[in-house]
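Letter by letter, the chains look like this.
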Amino acid sequence: MRIGIRQKIIIGFSAGVFFTILFAGWSWFAMEGLFSTTNDMSVISRKVEITGELIVSLERLLKTSSGYLISGDKKKRDEFDVVIMRINGILKEVESHKGDMEWNTAAGRVKAGILRLGDMTLEAMFMENPVGNPRSVRLMEDSTRLAEAVINDAEEFHRIAERDKKIIMERATGRMNKTRMVLYLYFMAGLGFLLLLSFYLRSYIIKPISEFHKAVEMIAGGDFSHRIEIKTNDEIGDLAKRFNEMAGALKAFYVEVERKGVEKVQELVGINKMLEELSTRDGLTGIYNHRFFYKRCDEELMRAERYKRPLSLLMVDIDDFKIYNDKYGHQKGDTILKVISECILKNLRKNDVLARYGGEEFGMILPETGREMALTVAERIREKIEEECSKELDIEPEDRLTVSIGVASYPLDSTTINGLVKTADSALYRAKGAGKNKVVSVEPQSLV
Amino acid sequence: MTCLRHSGHFIFRLILIVFIFLFQSLIVEAGEFVIIVNKNGPLVNADMKLIKEIYLGEKTMGDTVKLLPVNFTESPLRDSFFKETLSMTAKDFKRHWLFKVFQEGLQMPQTFDSMALIVKFIKENKGAVGYVTAQYVAYVKDSEDILVIRP
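First to last, the protein sequences are chains A and B. Using my numbering, the final residue of the first sequence is 448, and nothing's skipped along the way. Using my numbering, the final residue of the second sequence is 151, and nothing's skipped along the way.
Hints in this document: simulated from the structure, not taken from any laboratory. Note that the coordinates shown come from a computational prediction; the quantities given were computed from them, not determined experimentally. Ideal Cβ placement from N, Cα and C applies to all residues, glycine included. Hints may contain errors.
[Stated by the list, open to error] From the structure, some residues in chain A lie toward chain B, with a derived Cβ separation under 7 angstroms:
#, residue
1, Lys-75
2, Asp-78
3, Asp-81
4, Met-85
5, Arg-86
6, Asn-88
7, Leu-115
8, Arg-116
9, Gly-118
10, Leu-122
11, Phe-126
[To be verified] Okay, the calculated beta carbon distance ranges per label pair:
#, chain 1, residue 1, chain 2, residue 2, range
12, A, Arg-46, B, Phe-121, 49 to 57 angstroms
13, A, Met-181, B, Gln-103, 50 to 58 angstroms
14, A, Tyr-186, B, Gln-103, 52 to 60 angstroms
15, B, Glu-124, A, Arg-116, 52 to 60 angstroms
16, B, Lys-66, A, Tyr-186, 55 to 63 angstroms
17, B, Gln-103, A, Val-137, 29 to 37 angstroms
18, B, Gln-103, A, Val-43, 36 to 44 angstroms
19, A, Arg-116, B, Asn-40, 40 to 48 angstroms
20, B, His-96, A, Arg-171, 43 to 51 angstroms
21, B, Phe-121, A, Phe-35, 37 to 45 angstroms
22, A, Leu-34, B, Lys-66, 39 to 47 angstroms
23, A, Gly-174, B, Gln-103, 19 to 27 angstroms
24, B, Glu-124, A, Leu-183, 53 to 61 angstroms
25, A, Leu-183, B, Gln-103, 51 to 59 angstroms
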């Protein structure tokens with residue numbers, strides 16, 4: 001059976017209200033009981049008090065008559081009225097307190113005794129010449145006996161009142177103990193209820209909210225695999241289930257987006273690479289173009305300057321290229337350019353750079369290479385082209401393919417790029433002038 | 001001379017009043033008493049029968065006021081009053097009231113040991129009735145509020 005949070009709150013609130021009303025009702029009755037007990041205590045205390053007063057007044061009545069019999073003072077007769085009225089007042093108060101049968105019987109007995117005692121007192125008080133009279137002594141003795149009997153009856157009141165007082169005290173103590181016990185139980189029940197409430201709030205409200213908070217943070221941080229572990233059969237459980245479904249959907253969506261993103265990025269990288277190639281390569285031969293050649297020249301010269309290392313530049317020009325073009329056509333010319341660039345590439349070191357400088361002219365950068373080494377490399381290239389390229393090309397034997405190479409080295413020939421290019425160009429023209437198929441550096445003796 | 005005569009008369013009256021206050025029980029030896037009631041009360045026309053009923057507790061209410069009989073202290077005056085008005089002795093009177101008090105719950109008539117207090121009480125209570133000596137009434141100046149009913 002499913003009990004949602006709303007139902008739980010209603011049930012909890014109803015239970016709280018019910019027990020509060022129950023407690024209020026019980027408190028009302030308990031307070032009434034305590035007040036009643038307090039009132040009973042007050043009444044019984046007064047009962048004890050007036051029975052004491054009654055005994056004192058009876059003794060006073062006896063004293064009045066005894067006083068007359070001893071002294072013969074007629075003024076004592078006036079006291080009779082006062083004492084009788086006082087006793088009557090006390091007796092009325094005694095009778096006004098509702099008591100049990102025992103109390104009422106004692107009251108009746110005391111009243112009858114008082115009447116007899118009053119009558120006997122009058123008898124004594126109106127005796128003429130009581131002093132020294134033997135009848136007076138007898139009357140005094142009779143009065144004393146009667147008074148003692150009445151006082152004994154009055155003491156019965158006292159005893160009943162004391163007994164009732166004890167009963168009421170015991171009842172009051174019982175009530176107090178019961179009230180204390182119920183209060184203690186209510187306190188414990190209230191404490192238990194609060195503990196249950198706090199446990200429920202912590203387990204079913206606060207903890208799940210923390211779980212949601214954590215999950216939202218993790219998903220916001222990109223961890224779509226995080227799931228909320230709440231399996232309660234209520235609204236929060238439903239919410240957790242939906243949340244997990246949402247997280248799953250988000251993950252699937254994210255994976256798809258990521259996959260497409262990667263594809264796009266890869267595509268862009270390819271395009272960029274292609275664009276870069278297009279911007280740095282020569283379309284016909286596939287080697288670097290004139291612009292890239294100068295860029296690399298700047299970089300390599302900077303490196304050479306920084307590390308104080310040599311650098312050489314070769315300018316290669318195909319001898320009589322125009323004749324080949326005219327004789328075999330421009331397509332053959334293009335093939336010649338391709339074959340020669342491939343041949344040069346084969347004979348270069350890994351760090352050397354080859355670029356098409358323009359037309360049938362190639363430029364080469366040889367890092368970490370001094371003039372002597374550059375001349376050696378240039379010569380090897382010249383030889384390879386002369387030996388291998390003609391064979392590869394379908395041209396007539398008298399049309400042997402050769403190249404002229406001008407060499408310039410940093411820092412011997414120049415310390416600038418333009419200076420080096422100009423020097424290498426100059427060396428190249430001198431090689432052409434000297435009969436072509438030669439490698440020439442700045443110095444004349446370097447002619448090979 | 002007139003002044004001396006006046007002052008002599010005043011001294012005589014003063015001595016007489018002091019004498020009455022101090023030895024009133026001796027004065028009342030003669031036994032002559034008068035019954036007095038409040039002049040504005042319901043007892044102005046009371047006869048002796050009614051007075052007797054009041055003193056014996058047979059009648060306690062007059063019109064709207066409570067009837068309050070009062071006694072003088074143990075004295076020949078009181079005994080004379082009891083004998084002539086109630087036809088009983090003080091002992092009988094007290095026994096009568098002993099039973100009235102305990103059986104009917106009535107209030108016993110109050111007892112005063114001074115006639116001045118009796119007069120004062122009667123002035124203050126419209127339903128009050130009491131008795132004093134005839135001499136005393138004659139010398140009480142402000143007796144306007146009390147009415148004397150002779151037996």
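Against the structure, the hints come out as follows:
1. Lys-75: The hint holds - Lys-75 of chain A has a Cβ within 7 angstroms of chain B, the shortest such distance being about 6 angstroms.
2. Asp-78: holds, 5 angstroms
3. Asp-81: This interface hint holds because 5 angstroms falls under the 7 angstroms limit.
4. Met-85: The hint holds - Met-85 of chain A has a Cβ within 7 angstroms of chain B, the shortest such distance being about 6 angstroms.
5. Arg-86: Constraint on Arg-86 of chain A not satisfied, violated at 11 angstroms.
6. Asn-88: For Asn-88 of chain A, the interface hint holds, since the closest Cβ of chain B sits about 5 angstroms away, which is under 7 angstroms.
7. Leu-115: holds, 6 angstroms
8. Arg-116: violated, 10 angstroms
9. Gly-118: This interface hint holds because 4 angstroms falls under the 7 angstroms limit.
10. Leu-122: Constraint on Leu-122 of chain A satisfied, holds at 5 angstroms.
11. Phe-126: This hint holds: Phe-126 of chain A lies near chain B, its Cβ roughly 4 angstroms from the closest one there, short of 7 angstroms.
12. A:Arg-46 <-> B:Phe-121: 49 to 57 angstroms: violated, 32 angstroms
13. A:Met-181 <-> B:Gln-103: 50 to 58 angstroms: holds, 52 angstroms
14. A:Tyr-186 <-> B:Gln-103: 52 to 60 angstroms: holds, 56 angstroms
15. B:Glu-124 <-> A:Arg-116: 52 to 60 angstroms: Since the Cβ atoms of Glu-124 of chain B and Arg-116 of chain A sit about 37 angstroms apart, the hinted range of 52 to 60 angstroms is violated.
16. B:Lys-66 <-> A:Tyr-186: 55 to 63 angstroms: holds, 57 angstroms
17. B:Gln-103 <-> A:Val-137: 29 to 37 angstroms: The hinted range 29 to 37 angstroms holds for Gln-103 of chain B and Val-137 of chain A, with Cβ atoms some 31 angstroms apart.
18. B:Gln-103 <-> A:Val-43: 36 to 44 angstroms: With Cβ atoms ~26 angstroms apart, the hint is violated.
19. A:Arg-116 <-> B:Asn-40: 40 to 48 angstroms: Roughly 43 angstroms apart at Cβ, these two residues keep to the hinted range, so it holds.
20. B:His-96 <-> A:Arg-171: 43 to 51 angstroms: holds, 46 angstroms
21. B:Phe-121 <-> A:Phe-35: 37 to 45 angstroms: The hinted range 37 to 45 angstroms holds for Phe-121 of chain B and Phe-35 of chain A, with Cβ atoms some 44 angstroms apart.
22. A:Leu-34 <-> B:Lys-66: 39 to 47 angstroms: Holds, at about 42 angstroms.
23. A:Gly-174 <-> B:Gln-103: 19 to 27 angstroms: This hint is violated: roughly 42 angstroms between Cβ atoms.
24. B:Glu-124 <-> A:Leu-183: 53 to 61 angstroms: Since Glu-124 of chain B and Leu-183 of chain A have Cβ atoms about 58 angstroms apart, the given range 53 to 61 angstroms holds.
25. A:Leu-183 <-> B:Gln-103: 51 to 59 angstroms: Distance hint for Leu-183 of chain A, Gln-103 of chain B holds at roughly 52 angstroms.
The earlier numbered hints that this structure contradicts are 5, 8, 12, 15, 18, 23.
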